[in-house]
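From first to last, the protein sequence lines are chains A and B.
Take numbering that gives the first Met the number 0: the last position of the first sequence gets the number 319, and nothing is skipped along the way.
Take numbering that gives the first Met the number 0: the last position of the second sequence gets the number 432, and nothing is skipped along the way.
Since the hints were derived computationally from the structure, they do not count as laboratory data.
Mixed in with the good hints, there may be bad ones.
As the list claims (entries may be wrong) - Footprint (simulated), chain B over chain A, 3 or more residues, beta carbon under 8 Å:
#, region
1, 62-75
2, 191-204
Said to hold, decoys possible - A few chain A residues that don't get close to chain B, going by computed Cβ distances all over 12 Å:
#, residue
3, K41
4, L93
5, S156
6, T208
7, R253
8, A259
9, N271
10, P284
As the list claims (entries may be wrong) - Here are the simulated SDA-like pairs of lysine to any residue, each with C-alpha atoms no more than 25 Å apart in a straight line:
#, chain 1, residue 1, chain 2, residue 2
11, B, K375, B, P352
12, A, K9, B, E273
13, B, K401, A, D95
14, B, K375, B, G29
15, B, K401, B, V417
16, A, K9, B, R274
Virtual Cβ for every residue (Gly too), placed ideally from N, Cα, C.
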Amino acid sequence: MKGPMQGWPKDLIDLDQLTEQQITQVLDTALAFREVSEREIKKVPVLRGKLVVLFFHENSTRTRLSFETAAKRLSADTLALSSSGSSMSKGETLLDTARNILAMRPDALVIRHGAAGAPVFLGERLPIPVLNAGDGPHAHPTQGLLDLMTLRDAKGSVRGLKVAIVGDIAHSRVARSDMVGLVRMGAEVRVAGPPSMLCPGLEEEYGVTVHTRVEPALEGADAVVMLRIQLERQRGSLFPGAREYARVYGLDERRAALMAPGSVILHPGPVNQGVEMTPEIYGAPNSLILDQVTNGVAVRMALLCLMVDPPEPGASAPSR
Amino acid sequence: MARHLSLKGARIQGGPPELERGGDILITDGLIAAAAPCGGGAPECPEGAEVVDCTGLLAFPGFIDMHVHLRTPGQEHKEDLDSGLAAAAAGGFTSVLAMPNTSPPVDTAAQVGDLLARSLRVRGGARLLQSACLTRDRGGESLCEYFELKEAGASAVTDDGGWVADGAVMRRAIDYAAVCGLLPLTHPEDPTLSRGGLMHEGRISTRLGLRGIPPQAEESAIYRDCALSLLTGNPLHVCHVSTAEGADLIRRFKALGARVSCETAPHYLFLTHERVLGFDSHAKMNPPLRTERDREAMRAALLDGTVDAIATDHAPHSSLEKEVEFTDAAFGITGLETAVPLALRLVRETGMPLRLLASLMSLNPSRLLGLPEPLKPGSPADLTLVDPDLEWTYRAGEGFSKSRNTPFEGWEFTGRAVMTVVGGEIRYRLARG
Ligand SMILES: [Zn+2]
Numbered sequence: 000m001k002g003p004m005q006g007w008p009k010d011l012i013d014l015d016q017l018t019e020q021q022i023t024q025v026l027d028t029a030l031a032f033r034e035v036s037e038r039e040i041k042k043v044p045v046l047r048g049k050l051v052v053l054f055f056h057e058n059s060t061r062t063r064l065s066f067e068t069a070a071k072r073l074s075a076d077t078l079a080l081s082s083s084g085s086s087m088s089k090g091e092t093l094l095d096t097a098r099n100i101l102a103m104r105p106d107a108l109v110i111r112h113g114a115a116g117a118p119v120f121l122g123e124r125l126p127i128p129v130l131n132a133g134d135g136p137h138a139h140p141t142q143g144l145l146d147l148m149t150l151r152d153a154k155g156s157v158r159g160l161k162v163a164i165v166g167d168i169a170h171s172r173v174a175r176s177d178m179v180g181l182v183r184m185g186a187e188v189r190v191a192g193p194p195s196m197l198c199p200g201l202e203e204e205y206g207v208t209v210h211t212r213v214e215p216a217l218e219g220a221d222a223v224v225m226l227r228i229q230l231e232r233q234r235g236s237l238f239p240g241a242r243e244y245a246r247v248y249g250l251d252e253r254r255a256a257l258m259a260p261g262s263v264i265l266h267p268g269p270v271n272q273g274v275e276m277t278p279e280i281y282g283a284p285n286s287l288i289l290d291q292v293t294n295g296v297a298v299r300m301a302l303l304c305l306m307v308d309p310p311e312p313g314a315s316a317p318s319r
Numbered sequence: 000m001a002r003h004l005s006l007k008g009a010r011i012q013g014g015p016p017e018l019e020r021g022g023d024i025l026i027t028d029g030l031i032a033a034a035a036p037c038g039g040g041a042p043e044c045p046e047g048a049e050v051v052d053c054t055g056l057l058a059f060p061g062f063i064d065m066h067v068h069l070r071t072p073g074q075e076h077k078e079d080l081d082s083g084l085a086a087a088a089a090g091g092f093t094s095v096l097a098m099p100n101t102s103p104p105v106d107t108a109a110q111v112g113d114l115l116a117r118s119l120r121v122r123g124g125a126r127l128l129q130s131a132c133l134t135r136d137r138g139g140e141s142l143c144e145y146f147e148l149k150e151a152g153a154s155a156v157t158d159d160g161g162w163v164a165d166g167a168v169m170r171r172a173i174d175y176a177a178v179c180g181l182l183p184l185t186h187p188e189d190p191t192l193s194r195g196g197l198m199h200e201g202r203i204s205t206r207l208g209l210r211g212i213p214p215q216a217e218e219s220a221i222y223r224d225c226a227l228s229l230l231t232g233n234p235l236h237v238c239h240v241s242t243a244e245g246a247d248l249i250r251r252f253k254a255l256g257a258r259v260s261c262e263t264a265p266h267y268l269f270l271t272h273e274r275v276l277g278f279d280s281h282a283k284m285n286p287p288l289r290t291e292r293d294r295e296a297m298r299a300a301l302l303d304g305t306v307d308a309i310a311t312d313h314a315p316h317s318s319l320e321k322e323v324e325f326t327d328a329a330f331g332i333t334g335l336e337t338a339v340p341l342a343l344r345l346v347r348e349t350g351m352p353l354r355l356l357a358s359l360m361s362l363n364p365s366r367l368l369g370l371p372e373p374l375k376p377g378s379p380a381d382l383t384l385v386d387p388d389l390e391w392t393y394r395a396g397e398g399f400s401k402s403r404n405t406p407f408e409g410w411e412f413t414g415r416a417v418m419t420v421v422g423g424e425i426r427y428r429l430a431r432g
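All chains should be modelled from the sequences, with the hints used to inform the complete structure.
Here you go:
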């Protein structure tokens, strides 16, 4: 098969571009790839000879390594560009970057950027698939997918689950992609955070319920996603401080007890232990934080496989 | 020997009602000599007059854009006097009021005099009206020398681009400007509420993860400035009103007797914050595109006389400032070459009388800026001729501005300005294919 699959977007900016069926297909494919990661030889030749450029304009070792691992397990070559690296001089515009990336003849671009919308900008200017690995507070679709995969694994299905998302909703790309993905897959989503960390129109825009206290969001929930708090935001008068946040919004055993039996705990990582959750919660058996990491590689393999033009059987060199 | 231009058969708007069904205008040596209905009492056409058949066209007193950024001096790669004034004339404007937030800012009589003198050397194009800073170096602290600015030919004072945060300074400015016969303009925006904002704060900014600008940043500033106008009893003009409550505040202050006036821009009448979906930097301006409710309220405020003028806030930027991430892109869009077709579209969509259009785009700005009464015998012959039925597609690349940062690229319009007469001289005439 040549070119992007029928009905798939060229770029993946956020999960609202995918139908429920397409998301299910990604998760099913990811499940098959997760199995590859458990083999002795953790590699399949799906993207042999393909070049995946990883452009990380914002530092994120975890997401970069996850994408890099995913690409390598698919036998693709990878090229990591970071803004601090020699290839990216200060003052170079995103348009220049796009042109330079294209000159390397890559087959896909993975981009992490501090500015919301940067992947859209590149997607409009590059003929290759652009995968958003997080753009400012806007979207982080692979995180949304790996959270869906983790929940589906743990609970059998996402449909009908009551899921709470707690923390700095306004500034979180994880919250946005989770809301979009969870609602699309039929979950009932409640978000909670201090008023300074919420933003207008969440109900109508995402179809979620909004709470300024954490307890009503946790009441009877099947799962909770605790968002990472950017401690430096205290200075912007977004919240008075980590200590009070932990007391009022943090997840401890008392609050966890409000959730439904068999509930699970997610966090995009890295966790500020003692702030978003107590160390006991972090280490609890129903904390799936490390499963999320494993699933992250699998969904990224699935996406690369589904969105990057796979080689024609028997072809010695990629034709383009 | 006297020079004559005779415009025959246009439906003349904004003057005596008997001219609205068709009339002739005779211009002698750049001044209106006479305007009379066709057939009865039409002025004698002198020997050697240039005669233009204007049958089927609308003639308006020359349109005046009270809010443009011509980027001169300092940012001539975006626009200069030649390109900006040519774009204005091509868009149907006979005069434009240039904002002083240039680099350096225009805050002395010498700078005003120099810009006006340079504009007279521009061949073709609209007239330049120049505004000067309200405070020195737009610093918001000490007033500029308004008497000297007025003597040098300035038409208004403003720190546009930013708000004068100090209320006492603004109060004195309003008083002082009134004595000098200069119109003070305010850019209403409380920066402590708008800081870091990139678009209207609402469900779209939530969806896009972009920092929002709440409408209250504009409205609280409008409230204070209107209150100061009421306090002083002196005129104040509010720039680029974009919100429902902002317009309503002005409506209420007018009812209280405050001598306030205001303008809005065409984009607030046609576009909403939904246009930002997709992160198009051509939908990024300040104030930002608001909600559908605001858009409808601005149209209503236009129709009920709350809004005095349509002004473009023409803000040209090159691709260096616009073809970048949305978050880094400069605020502002061009407007000179789309305002008239958009206004004509508004007439079609709302049934707005052409007389009101003449007021919004010519008579009111002329009165606010203290210019000679248009269409009156003896006044400078500034006229805009409009073909209301001409169908065309806007392409920024075919225009006269140096910049192409428009959200209206590819829009299909019915009607446009086809001839712009400045001081009796045809400064722009649409080439017919
Ligand atoms: Zn302004």
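Hints versus structure:
1. 62-75: violated (count 0)
2. 191-204: With 6 residues closer than 8 Å to chain B, the region 191-204 of chain A meets the three-residue bar; holds.
3. K41: Given a closest Cβ separation of 35 Å, the condition holds.
4. L93: violated, 6 Å
5. S156: It holds; A/S156 is separated from chain B by about 27 Å at its closest Cβ, greater than 12 Å.
6. T208: holds, 15 Å
7. R253: Answer for A/R253: holds, closest chain B Cβ roughly 31 Å.
8. A259: The claim stands: A/A259 keeps its Cβ more than 12 Å from every Cβ of chain B (closest is about 28 Å).
9. N271: holds, 21 Å
10. P284: At about 34 Å from chain B, A/P284 clears the 12 Å cut-off, so the statement holds.
11. B/K375 / B/P352: holds, 21 Å
12. A/K9 / B/E273: Status holds; Cα separation ~23 Å.
13. B/K401 / A/D95: holds, 22 Å
14. B/K375 / B/G29: holds, 13 Å
15. B/K401 / B/V417: holds, 21 Å
16. A/K9 / B/R274: The hint holds at about 22 Å.
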